[in-house]
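Sequences and hints are given; from them, build the entire structure.
So in UniProt numbering, spot 188 of the sequence shown is number 188, and the numbers just go up one at a time.
Just so you know, the hints here were simulated from the structure itself, not pulled from any lab data. Cβ atoms here follow ideal geometry from the backbone N, Cα and C, with glycine treated the same way. Mixed in with the good hints, there may be bad ones.
Stated by the list, open to error - Label-pair restraints from in silico Cβ distances:
#1 I185 / D72: 27 to 35 Å
#2 P91 / M70: 15 to 23 Å
#3 P174 / E148: 41 to 49 Å
#4 A156 / D275: 22 to 30 Å
#5 R111 / I185: 23 to 31 Å
#6 T176 / G277: 42 to 50 Å
Said to hold, decoys possible - Here are the simulated DSS-like cross-link-like pairs (lysine-lysine), alpha carbons at most 30 Å apart as the crow flies:
#7 K147 / K184
#8 K124 / K66
#9 K109 / K66
#10 K220 / K193
#11 K124 / K224
#12 K208 / K188
#13 K193 / K146
#14 K208 / K297
#15 K152 / K184
#16 K193 / K297
#17 K147 / K229
#18 K153 / K188
#19 K193 / K224
#20 K115 / K229
#21 K115 / K146
#22 K188 / K220
#23 K220 / K66
#24 K188 / K152
#25 K146 / K284
#26 K188 / K147
#27 K66 / K184
#28 K193 / K208
#29 K184 / K297
#30 K297 / K229
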Amino acid sequence: MIELQLVHSAHPLSKSAHSIPSASFLNNWSSSSLNTVSQESPAPPTSHEDSLFEFATTGEKGMMMKNRSMPDQILKPVRANEFNFYETVYPNCPQIQRFAPKYFGFKMKERPLVKLEDLTARYKRANILDIKMGHSTAGEKESDEKKEYRRKKDGATTSLPLAMRYAGLWLFDPETRDYHIKDKIWGKRLEAKDFFSTLDMYVSNQGKNSIEKRIGLIDKWMTKLEAIKQWIDSPNAQFRMYSSSLMFIYEGDDLDDVSCDLRMIDFSHVYPIRDGGRDDGYIKGLNNLMSYLADLKDMYTLSMHSEAGFDLEGEPLNIKDMSARPPE
Numbered sequence: 001m002i003e004l005q006l007v008h009s010a011h012p013l014s015k016s017a018h019s020i021p022s023a024s025f026l027n028n029w030s031s032s033s034l035n036t037v038s039q040e041s042p043a044p045p046t047s048h049e050d051s052l053f054e055f056a057t058t059g060e061k062g063m064m065m066k067n068r069s070m071p072d073q074i075l076k077p078v079r080a081n082e083f084n085f086y087e088t089v090y091p092n093c094p095q096i097q098r099f100a101p102k103y104f105g106f107k108m109k110e111r112p113l114v115k116l117e118d119l120t121a122r123y124k125r126a127n128i129l130d131i132k133m134g135h136s137t138a139g140e141k142e143s144d145e146k147k148e149y150r151r152k153k154d155g156a157t158t159s160l161p162l163a164m165r166y167a168g169l170w171l172f173d174p175e176t177r178d179y180h181i182k183d184k185i186w187g188k189r190l191e192a193k194d195f196f197s198t199l200d201m202y203v204s205n206q207g208k209n210s211i212e213k214r215i216g217l218i219d220k221w222m223t224k225l226e227a228i229k230q231w232i233d234s235p236n237a238q239f240r241m242y243s244s245s246l247m248f249i250y251e252g253d254d255l256d257d258v259s260c261d262l263r264m265i266d267f268s269h270v271y272p273i274r275d276g277g278r279d280d281g282y283i284k285g286l287n288n289l290m291s292y293l294a295d296l297k298d299m300y301t302l303s304m305h306s307e308a309g310f311d312l313e314g315e316p317l318n319i320k321d322m323s324a325r326p327p328e
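As structure tokens, this is what we get:
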């Protein structure tokens with residue numbers, strides 16, 4: 001059972017055939033408690049409100065802000081690795097351009113601010129889920145001490161058994177007009193046995209979305225996940241990504257609207273594959289995530305043909321049974 005706590009704020013962040021990079025390009029490239037936010041009385045954004053979503057999903061207040069001169073963009077402070085990724089890899093990789101937010105350049109402050117597409121801009125009330133992919137969040141060029149620290153941290157989360165973990169959740173309740181928020185600390189503490197029921201909570205908006213909407217969302221996301229997997233799992237795969245996430249978004253202020261999106265985000269630890277291998281951690285996470293979504297769709301489909309949550313054979317539908325399949 002997930003407990004709700006109340007925290008009030010005025011406004012969310014949201015407003016209402018591919019070529020492969022050349023070998024020479026790759027060789028030259030080197031990467032150096034559930035809270036509720038009231039939405040009933042919107043007010044002009046402040047710097048605190050601009051960073052509210054980033055705080056909700058990463059726990060790092062003030063990391064991201066709206067680009068006030070371009071309302072459909074955000075400004076994200078980045079370190080050298082991620083800045084190099086956007087300036088060097090992004091322009092040369094159509095697959096990244098297809099699956100990641102659009103990149104519009106940068107501006108220099110104390111550190112670079114990259115201008116990115118605001119993925120929530122077209123939604124009245126965006127429901128957002130951030131899932132960090134892979135076994136390990138330790139980048140290849142980090143120190144041994146840092147790698148060991150990250151391995152211990154990852155080993156205590158669902159990253160180790162499932163190759164994915166929740167990094168943030170943002171759910172709008174159209175009845176109470178509140179946002180329900182979970183941060184990355186919650187994601188680290190969540191156990192593998194709770195992953196499926198939490199995914200159900202997000203897709204169903206705590207049981208409020210219509211069954212048709214739930215199935216429609218899953219169908220759209222599965223199409224995108226299949227395309228991402230086809231790229232990452234291909235013989236021509238070029239990168240391994242550590243501590244990168246998948247960001248799920250859908251409209252939260254309409255229980256039937258299936259408008260949604262799915263993007264790859266966070267590229268601070270992306271490295272060229274030089275050993276002929278592949279990104280096994282990310283691929284395993286994708287397989288497990290797609291398996292859970294398929295099970296959710298089966299559960300929702302059965303509920304359309306049954307009464308009071310019973311399947312076609314008269315047996316009670318059981319979320320734990322549906323999620324009992326061991327991770328890949």
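Here is what the structure says about each hint:
no. : hint                    : in the structure
1   : I185 / D72: 27 to 35 Å  : holds, 30 Å
2   : P91 / M70: 15 to 23 Å   : holds, 19 Å
3   : P174 / E148: 41 to 49 Å : holds, 45 Å
4   : A156 / D275: 22 to 30 Å : holds, 28 Å
5   : R111 / I185: 23 to 31 Å : holds, 25 Å
6   : T176 / G277: 42 to 50 Å : holds, 48 Å
7   : K147 / K184             : holds, 19 Å
8   : K124 / K66              : holds, 16 Å
9   : K109 / K66              : holds, 15 Å
10  : K220 / K193             : holds, 25 Å
11  : K124 / K224             : holds, 22 Å
12  : K208 / K188             : holds, 26 Å
13  : K193 / K146             : holds, 28 Å
14  : K208 / K297             : holds, 16 Å
15  : K152 / K184             : holds, 16 Å
16  : K193 / K297             : holds, 18 Å
17  : K147 / K229             : holds, 26 Å
18  : K153 / K188             : holds, 8 Å
19  : K193 / K224             : holds, 25 Å
20  : K115 / K229             : holds, 27 Å
21  : K115 / K146             : holds, 29 Å
22  : K188 / K220             : holds, 27 Å
23  : K220 / K66              : holds, 28 Å
24  : K188 / K152             : holds, 12 Å
25  : K146 / K284             : holds, 24 Å
26  : K188 / K147             : holds, 17 Å
27  : K66 / K184              : holds, 21 Å
28  : K193 / K208             : holds, 23 Å
29  : K184 / K297             : holds, 26 Å
30  : K297 / K229             : holds, 19 Å
This entry satisfies every hint, going by the numbered hints stated previously.
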